[in-house]
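S.K.: Input sequences plus hints: build the corresponding full structure.
As you go down the protein sequences, you meet chains A and B in turn.
Counting from 1, position 135 in the first sequence corresponds to residue 173 in my numbering; the numbering is continuous, with no gaps.
Counting from 1, position 124 in the second sequence corresponds to residue 262 in my numbering; the numbering is continuous, with no gaps.
Just so you know, nobody snuck in bad clues.
In silico DSS-like links for lysine-lysine, alpha-carbon gap of 27 Å or less:
1. A/LYS112 / B/LYS302
2. A/LYS106 / B/LYS302
3. B/LYS195 / B/LYS233
4. A/LYS106 / B/LYS290
5. A/LYS122 / B/LYS302
Read the hints as simulated data drawn from the structure, not as lab findings.
It should be emphasised that the depicted structure is a prediction, and the values quoted were computed from it without experimental measurement.
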Amino acid sequence: MLVTSVDTLFNWARLSSLWQMSFGLACCAIEMMSTAASHYDMMRFGVIPRPSPRQSDVIIISGTVTLKMATRIKMLYEQMADPKYVISMGNCSNCGGPYWEYGYHVLRGVDRIIPVDVYVPGCPPRPEALLEGLMRLQEKVREQGKAVDLEV
Amino acid sequence: MTHSEIIVLLRSRFGDAIGQWHDMSSDNAYQRQMGSYLDVTEPGVIQKLAFFLRDEKGLEFNNLILLSTLDNSDGSLSVVYHVESTQYQHELTFKVTLPRDNAKVPTVCTVWSHANWHEREAWDMMGIRFEGHPDHRRILLEEDYPGHPLRKDFREPDFYHGMKVPY
Numbered sequence: 039m040l041v042t043s044v045d046t047l048f049n050w051a052r053l054s055s056l057w058q059m060s061f062g063l064a065c066c067a068i069e070m071m072s073t074a075a076s077h078y079d080m081m082r083f084g085v086i087p088r089p090s091p092r093q094s095d096v097i098i099i100s101g102t103v104t105l106k107m108a109t110r111i112k113m114l115y116e117q118m119a120d121p122k123y124v125i126s127m128g129n130c131s132n133c134g135g136p137y138w139e140y141g142y143h144v145l146r147g148v149d150r151i152i153p154v155d156v157y158v159p160g161c162p163p164r165p166e167a168l169l170e171g172l173m174r175l176q177e178k179v180r181e182q183g184k185a186v187d188l189e190v
Numbered sequence: 139m140t141h142s143e144i145i146v147l148l149r150s151r152f153g154d155a156i157g158q159w160h161d162m163s164s165d166n167a168y169q170r171q172m173g174s175y176l177d178v179t180e181p182g183v184i185q186k187l188a189f190f191l192r193d194e195k196g197l198e199f200n201n202l203i204l205l206s207t208l209d210n211s212d213g214s215l216s217v218v219y220h221v222e223s224t225q226y227q228h229e230l231t232f233k234v235t236l237p238r239d240n241a242k243v244p245t246v247c248t249v250w251s252h253a254n255w256h257e258r259e260a261w262d263m264m265g266i267r268f269e270g271h272p273d274h275r276r277i278l279l280e281e282d283y284p285g286h287p288l289r290k291d292f293r294e295p296d297f298y299h300g301m302k303v304p305y
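M.R.: Following this line, the structure appears as C-alpha cells:
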C-alpha cells in the first residue's frame with residue numbers, strides 16, 4: 039500500500055518519461071545525438087526522442103536559432119501538447135553566443151519567442167551537461183504545482 | 139596559356155571592355171594566383187566574355203571556381219569571377235565593378251550552370267541583380283528580410299516579424 043497525493047504521482051510519472059522532440063539545429067545537435075546514443079544513454083532517465091511535436095513533452099533547442107528558423111520553432115512549440123518544457127542548450131540559444139553582436143541572422147536567445155525552463159551553458163555543452171540539464175528539469179517537474187520551500 | 143597571352147587574346151576580341159591587369163606581388167604562389175585579377179570595365183560584356191572563355195579553343199575555362207563580391211571603399215560594388223580550365227590547368231580571375239544603387243550584371247548561369255547558387259548568394263548578401271538568372275531568389279535569408287547584410291552600410295532591423303533582433 040502506497041499513499042501519495044495525485045500531484046506527486048502525476049509529477050513522478052511526467053518526470054520519469056520526458057519524451058524529447060528530436061530536433062537538432064546546429065553543432066549542439068551532435069552533442070544531443072551523442073547524449074541519446076549508447077555511451078551516455080539518456081533513455082535511462084526515461085528520455086526518448088520522438089519525431090513528432092504532438093507526442094513529445096520537452097523540446098531541446100540545440101543550437102543557433104536563426105531568424106528564419108525562429109518562426110518554425112515557435113510553431114513546433116505551439117503544436118506540442120501541455121504540459122510542455124523547453125531546454126535551451128548551448129550559448130547560441132541561451133543568448134546568441136558568438137553571434138551576439140554581428141549576427142544579422144541570429145535570434146539572440148530563444149527565450150525571446152518561447153519560455154525556457156532550463157538553460158544549459160557551453161559551446162557546445164558536453165553530454166554530461168545536457169544530462170545535468172535534463173535532471174534539473176526533472177527536479178523542476180517533481181515540484182511543480184506544489185507549495186514548496188523555495189530555499190533549495 | 140599564360141596570363142599575358144590570355145589578356146592579349148581577350149583584348150583582340152573585346153577591345154576596351156578589358157581593362158588593366160593587376161598583378162599581386164606575394165611570395166605565396168596561391169596568393170599570386172588568386173590575388174591577381176583582370177578588370178572588366180564594361181559589365182554588359184560579362185556573359186559574352188564568359189562564353190568566349192569557356193568555348194574558345196586553347197582557353198576552355200570549363201569551371202567557375204568561385205563567384206564572390208566586394209563592397210569597395212569608394213561605394214561601388216564588385217563581382218569577382220575565378221575560373222579555371224581543368225584541361226589546361228590555367229586559371230584566371232576577372233572583376234567587374236558596378237554602381238551601388240543600380241548594381242546589375244548579366245548572369246553567367248547559362249555558361250557555368252553552377253553559378254546559379256553563387257549568384258543567388260551574391261544577391262542575398264550583397265544585393266547584386268543578375269539579369270537573366272533562371273531562379274533569382276535569396277538563397278539563405280527569408281524573402282522579406284530587410285536589406286543585404288554584407289553591404290558595409292547595412293544596419294540590422296530592430297524588429298523582424300515581431301522578434302527583437304539586437305542584443
